[in-house]
Amino acid sequence: MKKVLKGIYLALIILFLYLPIFTLMVLSFNEGKTMNAWTGFSFRWYREMFSNRTIMEALGNTLTIAFWAAAAATVVGVMACIGLNAMKEKHRSFFMGLNNIPLLNADIVTGISLMLSFLLFGISLNYGTVLFAHITFCIPYVILSVMPKFRQLENHTFEAALDLGASPAYAFFKVVLPDIMPGIISGFLLSFTMSVDDFVITHFTRGAGINTLSTLVYSQVKVGIRPTLYALSTVIFAAVFVILILVNIISNKREEKRA
Amino acid sequence: MRQMALIELVDISKSFDGELVLDEFNLKIKENEFITLLGPSGCGKTTTLRILGGFETPDTGRVMFQGEDITDLAPNKRQINTVFQKYALFPNMNIAENIAFGLKISGKSKEYIKDKVKYALKLVNLSGYEKRSVDSLSGGQQQRIAIARAIVNEPRVLLLDEPLGALDLKLRQEMQYELIRLKNELGITFLYVTHDQEEALTMSDKVVVMNQGYIQQMGTPEEIYNEPENAFVADFIGDSNIIDGVMMEDRIVKICGCVFPCIDEGFGKKKPVDVVIRPEDIIIGKPGEGILDGVVTSNVFIGVHYEMCIEAGGFEWLAQNTVSYPVGQKVSIRVTPENIQIMNKPQSEDEEALALDE
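Top to bottom, those sequences are chains A and B. Residue numbers for the first sequence follow my numbering, so the first one is 658 and each next one is one higher. Residue numbers for the second sequence follow my numbering, so the first one is 174 and each next one is one higher.
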């Protein structure tokens with residue numbers, strides 16, 4: 658009895674989590690335009706999606722902005738961590754507090770303030786301002802995921818490398834960087850997904866003529882969503898799913914190697 | 174023949190956050206010496222080591238290496254290698270890569286590095302461990318790899334910062350002999366830092382006892398143990414009875430109202446002094462046989478011998494003996510003259526403060 662209840666509970670949770678996505682996937686293969694009736698299986702919407710320039714452009718913008726924002730934020734964030742790590746305890750906790758404020762701040766505040774600042778300095782809103790805004794809000798996430806790795810660094814390995822004749826730069830790249838790599842990778846991935854996900858800040862800093870996926874969907878809601886967007890969402894979901902599985906397999910293998 | 178000092182620390186002072194850790198510290202280290210800095214935590218011994226390694230800059234004073242001033246030289250430019258307290262092995266490299274780290278930087282050939290790694294592993298009794306990962310090694314093995322990694326670079330001086338602190342007793346004793354063997358085989362100068370007096374006495378050619386940034390006494394292990402210069406050293410090195418006494422005249426000291434013959438001279442007449450008597454030097458006998466009569470107040474078996482407290486002449490004496498005397502038994506005690514060590518009382522308040530282990 659208890660076992661059955663457990664099973665039902667688990668099934669309910671999974672249903673809640675995945676039924677909406679499943680619905681979307683099924684509808685993306687529906688021949689007809691309406692979501693009320695199944696009129697036959699077809700790849701029609703997938704073909705339309707890949708031949709639609711607006712969607713492809715928005716997808717391109719989303720991915721390139723996410724990649725460059727994550728890359729730039731990772732570099733800046735890691736350098737910030739080096740500095741924070743060298744600070745005294747009191748100063749470090751102060752700056753870590755400063756770092757946490759943008760994380761808790763509402764996106765809408767960040768978005769509007771960034772837009773105002775750009776306009777105030779006479780910078781016209783375009784691809785560059787979106788990228789800049791994304792770098793800005795990604796940096797705190799990188800610091801947050803890299804800093805703990807710095808704190809648990811094997812004691813004195815940096816000094817040991819210097820002691821053995823390494824220059825400070827060589828010691829950093831050979832000894833410190835490999836140790837904090839997991840933090841850097843998770844910081845990068847976190848930034849990437851935050852950037853892909855973002856709507857509010859992008860909306861305020863994008864100006865006319867440039868769309869990311871989220872702003873494109875938003876603008877299409879007004880005129881009615883076409884099933885091409887179901888197809889797009891399905892592709893994105895499938896891509897994320899595959900990446901997630903790959904990451905898990907790789908990290909499992911690595912752990913086995915260690916043990 | 175007078176040997177030139179390899180390393181000379183001249184008037185080194187260093188403070189952290191306004192707290193003076195080293196105060197005009199002077200030390201000369203000769204070539205091929207095993208020298209130990211011994212003291213309680215916070216006495217400045219690790220700071221001394223870090224200044225030598227180049228990880229701290231002294232506020233004032235100079236560090237000389239073969240007559241050259243290296244005070245401002247970066248750590249990677251010094252012919253000195255350190256074995257760190259927590260080993261500090263590189264976890265992302267295997268054992269061979271760890272040991273080869275310094276050799277690669279100095280641009281040695283592949284064959285040379287391979288031979289040298291093999292030789293170093295043999296030296297620390299870990300042959301065949303080249304491909305192992307750092308995580309798969311025990312604490313003692315990691316410690317030996319850390320030593321191997323330092324000595325392959327053929328440094329003139331090896332600094333060791335409490336390298337055996339994390340090991341268990343048995344392993345620690347084994348490693349002590351290992352270190353002595355290494356020192357004799359390699360002919361490198363060892364500067365060793367520890368708070369463990371037994372380690373210091375076992376391995377060193379010369380022991381430097383430190384407290385609160387000052388050198389309390391410097392000498393061979395025998396000198397430090399048998400002739401402590403002040404109450405701090407006597408108390409820190411081994412167990413001891415430190416008793417107020419009065420030097421009546423040369424070779425006669427009065428302790429607890431009784432006269433003990435001793436061998437010290439030149440203290441003057443009726444001069445108050447501190448007297449040190451090691452617990453193993455107290456000879457226990459039947460009442461009336463010794464100099465003082467007393468009663469055994471406690472008795473603990475600690476392995477090699479029994480440790481007893483004996484109340485006699487208003488002082489509680491710590492005594493060690495292989496024969497057990499039960500609590501409550503009346504006994505007498507005496508000490509042979511050469512086992513009584515006389516020390517001057519601290520002169521000023523300042524010195525008194527130094528002598529106290531806070």
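Watch out, some of these pointers could steer you wrong.
[Unchecked claim] Have a look at the derived ranges for each label pair, beta carbon to beta carbon:
| hint | chain 1 | residue 1 | chain 2 | residue 2 | range |
| --- | --- | --- | --- | --- | --- |
| 1 | A | Phe752 | B | Asn205 | 40 to 50 Å |
| 2 | B | Ile436 | A | Leu810 | 23 to 33 Å |
| 3 | B | Lys283 | A | Ser824 | 19 to 29 Å |
| 4 | B | Pro445 | A | Leu810 | 13 to 23 Å |
| 5 | A | Asn757 | B | Ser282 | 43 to 53 Å |
If you are wondering where the hints come from, they were derived from the structure by calculation, not from laboratory data. All residues carry an ideal CB built from backbone N, CA and C; glycine is no exception.
> Does the Cβ distance between A/Phe752 and B/Asn205 fall inside 40 to 50 Å?
Replying inline: Since A/Phe752 and B/Asn205 have Cβ atoms about 49 Å apart, the given range 40 to 50 Å holds.
>> I want to verify a distance hint. Is the separation of the beta carbons of B/Lys283 and A/Ser824 within 19 to 29 Å?
In response: For B/Lys283 and A/Ser824 the Cβ distance comes to about 22 Å; the hint holds.
>> Can you tell me whether the CB distance of A/Asn757 to B/Ser282 sits inside 43 to 53 Å?
In response: 51 Å, holds
>> I want to verify a distance hint. Is the separation of the beta carbons of B/Pro445 and A/Leu810 within 13 to 23 Å?
In response: 55 Å, violated
> Do the beta carbons of B/Ile436 and A/Leu810 sit within 23 to 33 Å of each other?
Replying inline: At roughly 56 Å between Cβ atoms, A/Leu810 and B/Ile436 fall outside 23 to 33 Å, so the hint is violated.
In the structure shown, a violation is registered for the earlier hints numbered 2 and 4, in ascending order.
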